[in-house]
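Chain by chain, the residues:
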Amino acid sequence: MKIAIPVENDDENTSMDNRFGRSVYYALYDSDKDSFEFLKNPASQARGGAGVQAVEFIIKQGVKAVIVPQLGPNADRALKTSGITIFQGSKEPIKKLVEMWKSGSLDKL
Amino acid sequence: MFFNLENKKVGKSTVPIPVIDADKCTMCGKCSENCAFHALGKMPDTILVYEKMCHGCGLCTEICPEGAITEKEREIGFIYSGKKEGLLFHYGELIVGEELTTMVISTLKEYVDKTYSTIIIDAPPGSSCPMVETVAGSDYVIIVSEPTPFGLSDMKTVVKTLRILEKKFGVIINKDGIGNDDLEQYCKNEEIPILMKIPFDFEIAKRYSEGETLVKSFPKWKKQFRDVIQKIGEMIEHE
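Line by line, the protein sequences are chains A and B. Heads up: the first sequence is residues 1 to 109, going by the working numbering. Heads up: the second sequence is residues 1 to 239, going by the working numbering.
For the record, the hints were derived by calculation from the structure and aren't laboratory data. Warning: the hint list may mix true and false statements.
Anything over 10 Å on all C-beta distances counts as not near chain A; from chain B, calculated [to be verified]:
id	residue
1	LYS9
2	SER32
3	PRO44
4	ASP45
5	LEU48
6	GLU98
7	PHE202
8	ILE236
Simulated DEER-style distance windows between Cβ atoms [stated by the list, open to error]:
id	chain 1	residue 1	chain 2	residue 2	range
9	A	PRO69	B	GLY82	42 to 52 Å
10	B	ASP45	A	LEU109	31 to 41 Å
11	B	PRO44	A	LEU109	12 to 22 Å
12	A	GLY104	B	PRO44	51 to 61 Å
13	B	ILE63	A	GLU12	37 to 47 Å
14	B	GLU51	A	LYS40	25 to 35 Å
15	B	ASP23	A	LEU109	41 to 51 Å
16	B	THR118	A	LYS40	52 to 62 Å
17	B	CYS57	A	LEU109	26 to 36 Å
18	B	PHE2	A	THR85	56 to 66 Å
19	A	PRO69	B	ALA205	42 to 52 Å
Ideal Cβ placement from N, Cα and C applies to all residues, glycine included.
Taking the hints into account, I'd like the entire structure generated from these sequences.
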């Protein structure tokens with residue numbers, strides 16, 4: 001299963017970004033391989049509608065869950081419609097967030 | 001505000017937004033891929049429509065291979081009108097929270113009565129879409145600027161835009177006397193006519209703050225405005 005987390009840098013020691021739709025990268029954690037992959041967010045510099053484009057991008061990657069900061073209203077509606085499970089994260093290292101997800105201590109939105 | 005008119009609501013401004021027939025939609029995603037404003041989002045089993053982000057261009061309706069998209073009108077503003085002493089006045093109002101100024105201006109222009117010899121359309125400041133929409137179709141553009149570095153900087157972008165649009169234009173300098181001569185020098189260098197200068201004057205500002213027009217407060221200005229209109233008329237006819 002793939003989980004997406006918005007991040008600013010493309011390395012494993014980075015922390016979650018405060019912005020969902022406009023983060024520079026997404027960290028994709030693959031629970032089957034226990035590894036991270038980093039993808040550039042194509043909506044990062046969008047003039048408008050970044051949230052919607054970001055969700056479309058995430059869906060294409062086959063992501064089944066996201067760990068997110070606050071969501072804008074457009075991204076919120078798109079994510080909720082998409083069937084992707086949404087977990088509330090905070091500005092923590094992504095490794096720690098994944099551990100929290102594994103132990104079931106993240107809240108579902 | 002300055003004319004003390006009793007304005008009546010005479011029309012509304014709407015944007016056509018897509019309505020997707022889920023029975024006909026095959027989820028091909030062409031509409032969302034091509035939407036310049038990202039007003040459509042392709043989710044796994046539905047297409048989301050973000051009504052407020054839609055600019056009403058109609059592209060999705062046009063390109064949907066299944067003919068699954070129809071349009072409905074979304075209200076974004078109103079048109080008001082008033083009349084007094086040979087002056088016919090219209091203005092547009094955008095509903096609070098809406099962003100599509102340009103659409104309201106476009107609707108407003110449909111109310112222009114072409115039997116009038118002179119039609120003045122006031123544009124929002126700046127050089128972006130609302131200004132472009134306002135000046136489109138007009139014979140002459142009057143730039144009102146003030147002789148400060150800010151005024152000149154903003155005016156340069158306006159001049160650039162008007163040249164792309166191939167418009168005839170001239171400048172009225174407002175608050176003449178503040179700032180410096182750079183704006184006037186720029187106009188000279190660029191061969192842009194200066195139509196009039198309104199001085200930076202306490203009495204003018206005071207009457208303005210009381211909601212009175214310049215001409216009503218100081219009748220000597222009437223001739224100057226008449227002359228400007230006449231001059232512009234001649235410049236247009238020379239075409």
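Going down the list of hints, with the structure as the test:
| no. | hint | verdict |
| --- | --- | --- |
| 1 | LYS9 | 30 Å, holds |
| 2 | SER32 | 7 Å, violated |
| 3 | PRO44 | 6 Å, violated |
| 4 | ASP45 | 8 Å, violated |
| 5 | LEU48 | 6 Å, violated |
| 6 | GLU98 | 14 Å, holds |
| 7 | PHE202 | 43 Å, holds |
| 8 | ILE236 | 37 Å, holds |
| 9 | PRO69(A) x GLY82(B): 42 to 52 Å | 50 Å, holds |
| 10 | ASP45(B) x LEU109(A): 31 to 41 Å | 20 Å, violated |
| 11 | PRO44(B) x LEU109(A): 12 to 22 Å | 18 Å, holds |
| 12 | GLY104(A) x PRO44(B): 51 to 61 Å | 25 Å, violated |
| 13 | ILE63(B) x GLU12(A): 37 to 47 Å | 42 Å, holds |
| 14 | GLU51(B) x LYS40(A): 25 to 35 Å | 30 Å, holds |
| 15 | ASP23(B) x LEU109(A): 41 to 51 Å | 31 Å, violated |
| 16 | THR118(B) x LYS40(A): 52 to 62 Å | 55 Å, holds |
| 17 | CYS57(B) x LEU109(A): 26 to 36 Å | 34 Å, holds |
| 18 | PHE2(B) x THR85(A): 56 to 66 Å | 58 Å, holds |
| 19 | PRO69(A) x ALA205(B): 42 to 52 Å | 48 Å, holds |
Consistency with the previously given hints fails for numbers 2, 3, 4, 5, 10, 12, 15, ordered from lowest to highest.
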